[in-house]
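Q: Here's the letter readout for the chains.
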Amino acid sequence: MKTRPGNLRVKLPVFVFVLQVIIVALYVAFVTYDEHADARFQTNRTNPMDNAVYRDYPFFTDIQVMIFLGFGCLLAFFRLYGFGGMVFNFLTATFAIQWAILVQGYFQFSHEGKIHLGVVNLINAEFACAVVLISFGAVLGKTSPLQLLVMALLEVPVFAVTEWAVLKYLKINDAGGSILIHLFACYFGLGVTFVLYRPSLNEGHAKENTSYQSDILALMGTLFLWVFWPSFNSALTLKGDDQHRAILHTFIGLSASTLTAFALSAMLNKNGKLTLADIQNVTLAGGVTVGASVDMMITPAAAYALGMMGCTACMLGYKYLSPFLAQHCRIQDQCGIHNLHGLTGLISCAAGICAILMASEDVYGPSFYEIFAHRAPVDGDPKLQELQMLIPGLKPGLGRTAREQALFQVAAVLSTIGVSALGGILTGFVLKLPYLAPPSDEMCFDDDLFIEVPPDYDSPLGLKSTVTTDD
Amino acid sequence: MKTRPGNLRVKLPVFVFVLQVIIVALYVAFVTYDEHADARFQTNRTNPMDNAVYRDYPFFTDIQVMIFLGFGCLLAFFRLYGFGGMVFNFLTATFAIQWAILVQGYFQFSHEGKIHLGVVNLINAEFACAVVLISFGAVLGKTSPLQLLVMALLEVPVFAVTEWAVLKYLKINDAGGSILIHLFACYFGLGVTFVLYRPSLNEGHAKENTSYQSDILALMGTLFLWVFWPSFNSALTLKGDDQHRAILHTFIGLSASTLTAFALSAMLNKNGKLTLADIQNVTLAGGVTVGASVDMMITPAAAYALGMMGCTACMLGYKYLSPFLAQHCRIQDQCGIHNLHGLTGLISCAAGICAILMASEDVYGPSFYEIFAHRAPVDGDPKLQELQMLIPGLKPGLGRTAREQALFQVAAVLSTIGVSALGGILTGFVLKLPYLAPPSDEMCFDDDLFIEVPPDYDSPLGLKSTVTTDD
Amino acid sequence: MKTRPGNLRVKLPVFVFVLQVIIVALYVAFVTYDEHADARFQTNRTNPMDNAVYRDYPFFTDIQVMIFLGFGCLLAFFRLYGFGGMVFNFLTATFAIQWAILVQGYFQFSHEGKIHLGVVNLINAEFACAVVLISFGAVLGKTSPLQLLVMALLEVPVFAVTEWAVLKYLKINDAGGSILIHLFACYFGLGVTFVLYRPSLNEGHAKENTSYQSDILALMGTLFLWVFWPSFNSALTLKGDDQHRAILHTFIGLSASTLTAFALSAMLNKNGKLTLADIQNVTLAGGVTVGASVDMMITPAAAYALGMMGCTACMLGYKYLSPFLAQHCRIQDQCGIHNLHGLTGLISCAAGICAILMASEDVYGPSFYEIFAHRAPVDGDPKLQELQMLIPGLKPGLGRTAREQALFQVAAVLSTIGVSALGGILTGFVLKLPYLAPPSDEMCFDDDLFIEVPPDYDSPLGLKSTVTTDD
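Protein chains in written order, with the working numbering: chain A, 1 to 471; chain B, 1 to 471; chain C, 1 to 471.
One thing to keep in mind: the hints can contain errors.
Note that identical chains are pooled: a pair holds if it fits in a single copy or bridges any two copies.
Said to hold, decoys possible - Think about it this way: if two alpha-carbon atoms lie no more than 25 Å apart in a straight line, the pair counts; the simulated PhoX-like pairs of lysine-lysine are:
(1) 383 / 270
(2) 207 / 395
(3) 432 / 383
(4) 11 / 432
(5) 171 / 270
(6) 432 / 114
(7) 383 / 207
(8) 319 / 11
(9) 114 / 270
(10) 168 / 114
(11) 432 / 319
(12) 207 / 114
Don't read these hints as lab results, they were simulated from the structure.
From a predicted model like this one, the values you see are computed outputs, not experimental measurements.
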């Protein structure tokens, strides 16, 4: 007897349990506590309130809300795919974090053969998870949970290697993750969706639309992301004034892009009405656009201007570029991640480079060499000792000039885009394996394929609403 | 060709972009970082963890949730105006905060011609924003987004001037903002709605009702506000025991008013059932009522009693006063802000005055003169030096007696009500300008006027429910 | 004239106001501020930022979200009982906290006849409230608000006495509350539902099902609980590395159980689809299972394995045990609390005992005697002085061996189960008093009995969906 397409009864448990056994084995073999979580490091000189957990945990909970409720609700915007959006987000995020703890841990947090675990690793792992979820946006509704798990399984290591290589060898400034998170996630996702191209979807799909309730749910997701985005952009900056500026710039950038999004939404709609999809997505553009320079002394005005610029690019992308890519480039970018993370990420990188070129000790004071750590004098340089009088604990750098640092930023952008696009394309081919139960074209954007639905699912109203009136 | 009424295609973009250009120009000219966000102030004596961001940011994120998710969901209680409630709240809040950063900054945070920006300014600006959103409650569903932006444009400066004048010249105690936030917002909003009076709405409106989902959404908004209200009331108190008491009193007041609201809701309903609108609104009365005395040593029992009293006044207001005001005073108070913020605010002020009259050094210890800063001895008084031995850093005050302080509180209440009502009335006249695209009576409480709606909007069910069964 | 069944017009107000008068009187007589909230303790040696509020408040707000939004949304999963789930949760929680402040205060926080109040009491009271809400899960939809208030009125004192006796006399390790919170709540709730047995409900009930929107709402509740659970499990641990580990273990346990829940859900469904009820409930099992050993050095791998085990037990419980208990033991456990809190709690206790038996000073260092405080040497033992050189402030213990401590843990489990089951049964008999307005069998799971509902409630769609297709 042939099983129903979409039947996960054997595949999903087998796949998940194999993964979990491997993960437990790796945790047993390699994972231990870091010094802030290990009881042995508690001595008579330890003040419990100095534990790193009190610096990191508030940012961690904010990012948790973004990942599970923010992304979850925002991805539930389809009328008949609300369960899918929230539930597959939950599954994928949970797996990606567990996996990233191991993979990032191997590259960044291992000493003497052990991965040292603290809340700071969880924050890093949630960033890796955000990368996977952004890429998920490109293929939302067109992938099985198995495909999503495999995507996470492959994307996390490619991301972790890229992150490690860029930070170790290119040594860039990217506090908000515009390059490493947003550009990587975007081009990886585009690579995947390029390979998973479904020609029939370009002719419209009866289930590819929203309902009143799903739109409100997605708007709540947007608001969760909006509200906590300053924590996302500042979680891993230097503590003190750097983190303070990152929060200010993110808030200002977001709030500028929100106003612009409302204006452009009315302007580009033929009836002069607001379009909810714009409010749900384009308002967030400012958070990405300030990313690469978020902790620098760019002035609040520049953060405001960046928010406006990012929003404009993002909006025009949704209006003109996304349809073009779908029609002519085989790139069906379901949630428009290229607009919200790609275009804005590129603007952010450009702005970061400008900020690096214009930065000077006059504006930053001696802490200039902390923020631009690679421009600090090399070990042995007498200038370093001078600076260490002013900022104790300043580490020797590479003595880079502004122009050199800018070139390394460019190199990081180009290599990140290259690696992620290639990684995405290869991952796409893996996802085409028939074992992974991809939905048929007809069953895309439909909860009923993989999830038990209640009786009021796709009710008469729902059927009626398959006649879309969207422009 | 005449454009459709409600067409925002030209008006909204023009208005928003003009505002944004002005705002950017003002940010360029006047806004800089405060000492906790400026890299130049980083020296070898700076401990990054002492940065003010770590004191302020947790309260800021809580208030963010209240403003964007709390107000947003609570204002989405109409059946056909869920988009409008959430989306216009988002737009208005975002603009009000940007604008308040500048206007409050000019009055309260400028030194040497520059506004010094830190997270503490954002908290203050979110309070100004809360003022606008409360006033918005009076005219919900009857105003275009343009009108709301103009309202914010005018209300923020009137608020900022009042706040500055009251704090600088009258020097009052109002930790939870009962006078400056709640009373101001209430009477401003009533002033606006008085001018925007629409006689036909007194005869009922087919769209002025709720649905099952919109009621649940609004209840979530209530819960967001309820949960984080202690942060709202304590965000700007003195640090330490003051902030601690503000949290305790707010929680106790809210929880007392919640129980009372359930009891009264069943009692005043002719079927002995609970009414959801009561649960959504009246449960919150305690948070306002404890406001003016929230950081004083009023005892937990008094906070409990205040919660019960405020709740009772608020509930009776909804039941008897609001209909009276609508029928006989041209005041159509859509969300009943006069009950939730006006009546409770007045009780709160009275309680604050009692607390001031009864406060003594016996109960507070020497920190009495920190909490009631204006009662501290004047500079040169030997008593001041004595106190400074006990509380280092105590600032000289004005040597006011309890009775004097109480009179200044009364003066602040009266002048705040006067200024806000007048400001609201004048703002109302500006909002009547035809350029601002007010909705027709028939299109009030209807998303379809300004926002693209999905096909299931106002479905057969919806039509059926125009026959209201509410009592 | 006879009143409608379910009419609360007299009963609820009378009951609530009597309670509130008693509560105010008790607050007046017994409640004062603790030293961190009392202005008199402010001296020139006090640093305001050292106030306990800054240690406790962030955890308190997280738990607030769990109690009011997490439980609230999760309990709203029935199609026609969304108002009931959220609103009765709100009512019950608010009352339980007020009441627990007094009752727990009497047993744990009173000195010289006064209950000393700070945010830490609120956290404790919210734990007592969580106990009541978990028990509520067993009788959801089958109880009137009056019954719920009476249940809270009785359960809180039984819980407070048990907690006090276990902590004072048995002196156990239970940082995450697996014994005192989860097992107590579970067996109390089962006791209540045993007495309130309704045979007709075993034959199915037309309203005992979900809708698309109610399922999404409940899923949001799950996510709120999931995201903040680390704060719940770590709120009252020792500060520093203990709290850090509690956060890590809870996160790892939850994320392991989430993956396992997805796998088992597909495996046990006859169509190989995911079942939303599993995602809503079973994913949370890991949070309970790590509880009793959450702050110990169990290794991350063990936390992962515990998450998987707890999840498996919980899932099998839902599938096989709950139907059995309902059919053969008169135990109708509406939300399956025996699976999510009972079975997992037992596993957690067993794991805690193993962790105690295997703990050694080698692994923990000298802080071993802080975490296992009762194993510290008794006063006068020279070993104690030695240890106090390493860990200043270490308090003398009872000199228990590992095996002794393990036996006390077992004693605590057995006595907690016994007391709670007995308390639940007795409470069940009180709840049968006719004055308390229990709903008839037919009106179970129906908002319309106690709450005014909007016109679209139980619309044609709703009626249609009474034909359940669930397996």
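Q: Please go over all the hints and tell whether each is borne out by the structure.
A: Now for the hints, and whether the structure bears them out:
Taking identical chains as interchangeable, the C-alpha atoms of residue 383 and residue 270 are never at most 25 Å apart, the minima being 61 Å within one chain and 72 Å between chains. In the homo-oligomer, the alpha carbons of residue 207 and residue 395 never lie at most 25 Å apart, since the shortest distance is 57 Å inside one protomer and 65 Å across protomers. For a Cα distance limit of 25 Å, the shortest separation of residue 432 from residue 383 qualifies neither inside one copy, at 57 Å, nor across copies, at 66 Å. Taking the shortest alpha-carbon separations for residue 11 and residue 432, only the intra-copy value of 15 Å comes in at or below 25 Å, while the best inter-copy value is 49 Å.
With identical chains, the CA atoms of residue 171 and residue 270 are never at most 25 Å apart, being 47 Å at best within one copy and 53 Å at best between copies. With identical chains, the CA atoms of residue 432 and residue 114 are never at most 25 Å apart, being 36 Å at best within one copy and 59 Å at best between copies. For the homomeric pair residue 383 and residue 207, neither the shortest alpha-carbon distance inside one copy (65 Å) nor that between copies (72 Å) is at most 25 Å. Taking identical chains as interchangeable, the C-alpha atoms of residue 319 and residue 11 lie at most 25 Å apart only when they sit on different chains, with a minimum of 20 Å there against 39 Å within one chain.
Taking the closest pair of Cα atoms, residue 114 and residue 270 never come within 25 Å of each other, the shortest separation being 59 Å inside a single copy and 43 Å across copies. Taking the shortest Cα distances, residue 168 and residue 114 sit within 25 Å of each other inside one copy (19 Å), while across copies they are farther apart (40 Å). Taking CA atoms no more than 25 Å apart as the test, residue 432 paired with residue 319 passes in neither setting, with 30 Å inside one copy and 34 Å between copies. With identical chains, the CA atoms of residue 207 and residue 114 are never at most 25 Å apart, being 48 Å at best within one copy and 54 Å at best between copies.
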